[in-house]
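**Q** If you read the protein sequences in the order shown, they are chains A and B.
According to the numbering used here, the first sequence holds residues 1 to 321 in order.
According to the numbering used here, the second sequence holds residues 322 to 594 in order.
Errors might be hidden in some of the hints.
Here are the simulated BS3-like pairs of lysine-lysine, each with C-alpha atoms no more than 30 Å apart in a straight line [stated by the list, open to error]:
no. : chain 1 : residue 1 : chain 2 : residue 2
1   : B       : K472      : A       : K76
2   : A       : K171      : B       : K435
3   : A       : K213      : B       : K435
4   : A       : K91       : B       : K472
5   : A       : K91       : A       : K102
6   : B       : K472      : B       : K435
7   : A       : K177      : A       : K164
8   : A       : K238      : B       : K472
9   : A       : K213      : A       : K238
10  : B       : K472      : A       : K102
11  : A       : K91       : A       : K76
12  : A       : K164      : A       : K91
13  : A       : K91       : A       : K177
14  : A       : K102      : A       : K177
Here are a few chain B residues that sit away from chain A, every Cβ distance over 10 Å (derived from the structure) [what the hints assert, rightly or not]:
no. : residue
15  : T446
16  : I482
17  : S525
18  : L529
19  : L531
Simulated from the structure, these hints should not be mistaken for laboratory data.
Even glycine gets a Cβ: it sits at the ideal position worked out from N, Cα and C.
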Amino acid sequence: MICMARRGMAFAVCRSIVVFFAVCTLVFVLPRLMPGDPVMNLIGEDTGVTQETINQLRHHLGLDNSIGYQYVVFIKGVLTGDLGYSYFHHKTVVDVLCERMKWTLLLALPSFLIGTIVGCITGAYAGYFESRSLSQSLSIATTLLYSAPPFVLSILALYVFSFKLGLFPMKGFYDSKNVMSILSHMVLPVSVLSIYTSAHTFVIMRGSVLQEKGSQYITAARARGLSETTILFRHVFKNALLPVLSMMAISLGFIFSGALLVEVIFSLNGMGLLIYDAVMSRNYPILQGAFLLITVMVLVCNIFADVAYSYLDPRIRRHGN
Amino acid sequence: MNFRNYELVIGLSLVLFFVSCAILSPYIAPYGENERFEPYGHPSLSHPLGTNDIGNDILSLLMYSCRVSVVVGFCASAIAVGIGLVVGLLAGYFGGYVDEMLMCVTDTVMILPKLPLIILIGAYTGGSIRTIIIVIGLLWWTSTARIIRPKVMQLREMEYISASRMLGFGSREVLLHEILPNILFILVSKYMLTAASALISEVSLSFLGLGDPSWSSWGLMIHMAFTRGGFVNRLWTWVLSPPICIMLFILGLMLLARAFERRELSAMAEVMV
């Protein structure tokens with residue numbers, strides 16, 4: 001992070017552009033490189049179109065033109081937000097993605113916020129009062145949670161709370177479209193994602209606070225007679241937050257793909273399930289569109305992380321000037 | 322005996338357990354991979370964990386599935402840590418333009434969305450085990466490079482390195498015989514962590530049905546348990562045993578990684594004195 005900021009904003013933007021074009025090229029090359037008819041590779045299997053339409057499409061998609069021309073047309077399409085047409089959904093890819101995105105955000109944003117806040121506070125506590133038994137048990141619990149990928153946690157949670165205890169519904173976002181129904185469906189997936197996020201935040205926050213602990217301003221604050229809790233949350237917390245913030249911005253970029261498998265387990269109709277269904281039915285336009293969207297999101301959040309980092313850390317801000 | 326020793330002991334035994342399961346699965350598994358019995362069987366004496374929808378013994382399947390996890394985890398991690406080591410060594414030791422260029426590449430690879438990328442490639446290529454290993458190896462090396470580089474920079478400034486350089490040893494000699502032995506612990510630690518991460522990716526892939534179809538794997542078992550009625554028929558051993566195996570294996574790898582990281586810290590402290 002620090003070296004990135006040192007090299008400046010221009011570098012971050014250039015790098016993002018390079019990655020963007022690399023990813024676009026990959027998306028362009030893959031369907032044309034794979035064995036089989038490129039038309040099928042582009043529109044996906046399971047679409048039920050006639051041979052006549054395929055021939056029309058071959059012309060329409062420009063597959064009878066030179067590869068360079070095809071590439072220019074493709075990049076132009078991506079830049080103007082035209083990601084193609086899904087013959088499976090009978091809608092444009094952008095429409096399908098927008099429709100599903102809302103639901104994923106409904107799932108991922110609360111989990112992101114809850115997980116980060118809980119992780120920061122517990123991490124700060126465990127780092128500052130390192131030797132207390134609560135801190136030790138928090139660290140052990142985090143190690144256990146950290147080693148369970150979120151979809152493994154989801155299966156366990158679904159089994160215990162929905163299946164055995166019958167406390168929460170098994171699948172979907174709602175039975176009837178009202179707030180209570182949606183809320184009760186969201187409890188388990190949001191908890192699982194929050195726990196997972198907080199475990200990650202915990203580790204970083206704890207390490208960051210441990211590093212801050214040696215600083216002299218803490219001794220100074222103690223000499224002024226402040227209580228340990230005040231020192232932690234008034235002074236140390238703010239300084240230790242920096243690495244967490246840049247990690248948050250980065251993980252915000254993965255918000256569409258992070259919940260992928262959790263959505264599949266809980267049958268939640270968001271981007272993750274969309275990608276899963278697209279994989280199952282070999283619906284390539286959707287796969288490519290989702291992948292491009294995720295990449296763009298990640299890149300934007302990375303630039304944002306760089307800006308936030310250099311803005312928040314006065315040392316780096318001065319260095320940049 | 323304190324917590325640190327527990328980490329090494331528990332971690333090592335968990336990892337060794339799964340590795341030996343993988344190697345010995347054809348000999349110790351109670352039944353063959355494709356042997357069929359009564360489908361949807363509940364746990365019984367002859368089938369301690371029950372049977373699945375086509376009547377395979379779950380316990381035997383679990384053991385056979387270790388192979389993919391171990392092979393993908395350790396092979397992909399070997400490639401990734403290998404690349405990361407070379408990049409980190411060169412960038413840290415030579416500095417200057419070499420460093421700038423290598424770190425530029427590292428930062429670029431680092432921000433690629435890895436899992437979606439693997440899913441996309443898997444969907445097109447059909448995901449043979451070799452493809453999965455190579456793709457994971459080529460994408461997962463950045464964190465190793467970023468950890469090795471500052472270590473090498475730190476070591477490069479030390480007196481015994483300047484001494485051996487003054488004695489006329491070439492860069493290759495210094496890198497291989499003076500610097501490499503001092504970063505071995507951190508390398509092993511990173512190897513275990515990367516293996517855990519590769520394992521998660523493989524499980525996710527095969528859970529999506531994009532794994533190698535000719536190998537049974539934990540991800541595929543979860544996929545089957547979900548789509549073919551493990552939940553509905555209350556066959557909890559079928560549904561829960563693969564996730565628990567995954568958790569334990571990853572936990573073992575992470576504990577080992579931590580134990581080696583602690584070794585590294587104390588070894589580093591000795592060198593610095």
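**Q** Next pair to validate is A:K213 with B:K435; report whether the Cα-Cα distance is within 30 Å.
**A** Between A:K213 and B:K435 the Cα gap is close to 35 Å, so the pair fails against 30 Å, i.e. violated.
**Q** Please work out if A:K91 and A:K102 have their alpha carbons no farther apart than 30 Å.
**A** Within the cut-off at roughly 17 Å; holds.
**Q** Holds or violated: B:K472 with B:K435, Cα cutoff 30 Å?
**A** holds, 26 Å
**Q** Is the nearest Cβ of chain A still more than 10 Å from the Cβ of B:S525?
**A** Violated: least Cβ distance 6 Å, not greater than 10 Å.
**Q** Would you check the hint for B:K472 and A:K76, treating anything up to 30 Å between C-alpha atoms as holding?
**A** violated, 45 Å
**Q** Within a Cα-Cα threshold of 30 Å, do A:K238 and B:K472 meet the stated pairing?
**A** Since the Cα atoms of A:K238 and B:K472 sit roughly 28 Å apart, the hinted pair holds (cutoff 30 Å).
**Q** Holds or violated: A:K91 with B:K472, Cα cutoff 30 Å?
**A** Answer violated: A:K91 to B:K472 is near 53 Å, above 30 Å.
**Q** If you draw a straight line from the CA of A:K91 to the CA of A:K177, is it 30 Å or shorter?
**A** This hinted pair holds, its Cα atoms lying about 24 Å apart.
**Q** Minimum C-beta separation from B:L531 to chain A exceeding 10 Å: can you confirm that?
**A** violated, 6 Å
**Q** Mind checking the alpha carbons of B:K472 and A:K102 for me, to see if they're no more than 30 Å apart?
**A** violated, 44 Å
**Q** For the pair we were handed, A:K213 and A:K238, check the Cα-Cα distance against 30 Å.
**A** Given that 30 Å is the threshold and the Cα spacing comes to 13 Å, the pair holds.
**Q** Against chain A, does B:I482 hold up as non-interface, every C-beta pair farther apart than 10 Å?
**A** For B:I482, whose nearest Cβ neighbour in chain A is about 23 Å away, the distance exceeds 10 Å, so it holds.
The structure does not agree with the numbered hints 1, 3, 4, 10, 12, 15, 17, 18, 19 stated previously, though it agrees with the rest.
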